[in-house]
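Fit chain B to the known structure of chain A by using the hints.
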Amino acid sequence: NAGVTQTPKFQVLKTGQSMTLQCAQDMNHEYMSWYRQDPGMGLRLIHYSVGAGITDQGEVPNGYNVSRSTTEDFPLRLLSAAPSQTSVYFCASSYGPGGILYNSPLHFGNGTRLTVT
Amino acid sequence: TQLLEQSPQFLSIQEGENLTVYCNSSSVFSSLQWYRQEPGEGPVLLVTVVTGGEVKKLKRLTFQFGDARKDSSLHITAAQPGDTGLYLCAGVVIYNQGGKLIFGQGTELSVKP
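Heads up: the protein sequence lines correspond to chains A and B, in order. For the record, in the first sequence the residue sitting at position 78 is 79 according to the working numbering, with numbers rising by one throughout. For the record, in the second sequence the residue sitting at position 75 is 150 according to the working numbering, with numbers rising by one throughout.
Isolated chain A (complex conformation) (with noise of 0.2 Å):
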């Protein structure tokens, strides 16, 4: 199992530009979710998914757009890329929604790290 797969690693872009950042999971997870870190406010949630087809905003939605056509896969979407997103982005998968299941932990990838000039 890879578990959970975010690519790329690191991203240069230009403000204005587009692109998404792929996310994949091979542990037939319901749930998945797209979380940004930056300096000192931990993770923010931006979207989630608990299954293909359904998406749902988090805290911090603005500025990306998800869509879950697949199990495995949870693209997340800059459509005009700003100095704001600079950011550390990682995806995320559980067993259950999270919140069903209390014990069903958040698998994490190993992040990408944008940066917006």
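If you are wondering where the hints come from, they were derived from the structure by calculation, not from laboratory data. Model, not experiment: these values are computed from the prediction. Be aware that one or more of the hints could be misleading.
[As the list claims (entries may be wrong)] Listed next, with one range per pair, are the computed distances between beta-carbon atoms:
#1 A:19 <-> B:130: 11 to 21 Å
#2 B:143 <-> A:63: 30 to 40 Å
#3 A:55 <-> B:188: 18 to 28 Å
#4 A:18 <-> B:152: 42 to 52 Å
#5 A:4 <-> B:132: 22 to 32 Å
#6 A:10 <-> B:97: 28 to 38 Å
All residues carry an ideal CB built from backbone N, CA and C; glycine is no exception.
Below, chain B alone, put in the same frame as chain A:
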């Protein structure tokens, strides 16, 4: 909006000392998880506490969930350099379509030999 306040943000101690990290909120969580993160990697789950007043021990680490399920603490006894890392608490919030984890800001722990 559920907020989790974690303190302290930074902690630098000598090997062998004890420490406590706190995680507080005005909101009630259905459960609370603690994660540890090393540089360049994603967080890894340490423990989940579910019941108000629950205490769980993992070797030198003791986790407690408050009676009202609004706060939690992590106590490390006789810290070792291998304990160095970022510690994150995360509260589970249930919504109609499932649940989500809300994270605290994290505590950066450095244990010096």
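Is it true that residue 4 of chain A and residue 132 of chain B lie within 22 to 32 Å of each other by Cβ? 27 Å, holds
Taking 30 to 40 Å as the stated bounds, is the beta-carbon spacing between residue 143 of chain B and residue 63 of chain A within them? 33 Å, holds
Using the C-beta atoms of residue 10 of chain A and residue 97 of chain B, is the stated range 28 to 38 Å upheld? 33 Å, holds
Verify the CB-CB distance for residue 55 of chain A and residue 188 of chain B against the hinted window 18 to 28 Å. 49 Å, violated
Taking the beta carbons of residue 18 of chain A and residue 152 of chain B, is their distance inside 42 to 52 Å? 50 Å, holds
For the hint 11 to 21 Å, verify it against the beta carbon of residue 19 of chain A and that of residue 130 of chain B. The hint (11 to 21 Å, Cβ to Cβ) is violated, given that residue 19 of chain A and residue 130 of chain B are roughly 49 Å apart.
Of the numbered hints listed earlier, those contradicted by the structure are 1 and 3.
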